[in-house]
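S.K.: Each chain, letter by letter, is given below.
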Amino acid sequence: MLKLRAFDRPAETEFVVKGGHGKAFVVGVGQFLTITDVQGQQVGDFFAWNRHDPREYLSPHNTRLASSALVPPVGARFVTNRRRPMLVLVRDTVGRHDLLVACCDAARYASLGAPGHRSCAGNAEEALREIGVVVPRLYDPVNLFMHVPVGVDGALTIEPPLSRAGDSVGFRATMDALCVLSACPMDINACNGGTITDLHVRIRNEADWL
Amino acid sequence: MREIVVPGGHGRAFEARAGQYITLEDLEGKQIGDFVAFNADDRDEWLSPSHTRIALMSMTFRPGDRLVTSRRRPILEVVADTAGVHDFSVPACDPSRYEIFFGIEGHRNCQENLAEALAPHGVDPVQIRDPFNIFQNSPTSPDGVLALAEPVTKPGDRVVFRALMNLVGAVSACPQDFLPVNGFRITDLRIVVSEERPC
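For the protein sequence lines, the chains are D and X, in the order given. Just so you know, the first sequence maps onto residues 1 to 210 in the numbering used here. Just so you know, the second sequence maps onto residues 211 to 409 in the numbering used here.
FYI, nobody ran anything at the bench for these hints, they're computed from the structure. All of these numbers come straight from a predicted model, not from anything done at the bench. Hints may be right or wrong, so weigh each one.
[Stated by the list, open to error] Quick list of simulated restraints, FRET-style, between CB atoms: (1) X:Leu358 x D:Asn189: 44 to 52 Å; (2) D:Trp209 x X:Ala290: 28 to 36 Å; (3) X:Glu406 x D:Val74: 27 to 35 Å; (4) D:Ala11 x X:Arg212: 38 to 46 Å; (5) X:Phe312 x D:Asp208: 31 to 39 Å; (6) D:Thr157 x X:Val289: 53 to 61 Å; (7) D:Asp187 x X:Asp353: 27 to 35 Å; (8) D:Thr157 x X:Pro273: 39 to 47 Å; (9) X:Gly332 x D:Glu159: 20 to 28 Å.
Glycine included, each C-beta is placed from N, C-alpha and C at the ideal position.
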């Protein structure tokens, strides 16, 4: 794999991902990625690929096994389908996310009686098209801030997120990553507390919350 | 009726038409079968754990449940289950599992077993995603910690599915022999594809 030199590193940046829409961006190895829930109760479907080989991608399923947890704690390594660490969770003011369920897509909204609704799968495809990148296929996302409690009998429920305005997660990248964040447009169930709002992305060379 | 024995630690593929029954039997007990299935007419549509979890709103399945594909269409109906404990949250073991976690190179693994078995059926290895781990016991504690425990199955325990579309599937009798997941003994499984509902 290509070693990223300091001057190849993506520039520090920050931007808003509009509620219901998606955005693609790159993070360089060693950089810090902070995703903030601006107004609270907004889920962010997060997808990522090895920037140098899109056949390697962030895998929520391998991440659960690697951290022996349904919701990986601070310090956990978020790994790829090849079980290599891509991001390390270094800060989390919420502690409640989902790594179990598939992202919303056209079929999901059709089944809910809302054909043509915006979806995280559609947002991801749109965001990748915008930067001219083709990836082999979307994999399952890490659903940041999504609150899916598991009952004792294994029953799942979709509850409003526990995140409040300004809550955030911070990762340190251990691999050059191409990322997509979709501010989930689901307004039919409790997933986003009923209101679709913005997320904020910040990429820094140093941890800026210290 | 077609009967296929899956040798312990290896994989075997099968085909089933819509309406047929697929029985997976744990012949000696405590043996996981990593199970994958694809739409026979489009290998890009597969039995999907993450879509099934949200379709069932559950981490587990029971008789009467319909498991769905990556396009949210029902592909299998659970007809009978004498085991009651299965997993569809843990990825298949693969070379990286043995190499990175345990420092073992060249261990047999479910991912390659499934790929080997499915190659003659036109399934590309990259199309093989997360499996249903039939008979696997991976309990989650109330605080969300995952454990890897011994299966609860006895010899002869089985799961019966009905195919809801024409499908190609495969089962790997998991070769993991040093964690409790197969009771430290790798044994055979049996797949039966039948027109009649097994009694």
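S.K.: Please list, smallest to largest, the hint numbers that this structure does not respect.
M.R.: Hints 1, 2, 3, 4, 6, 8 and 9 contradicted; others consistent.
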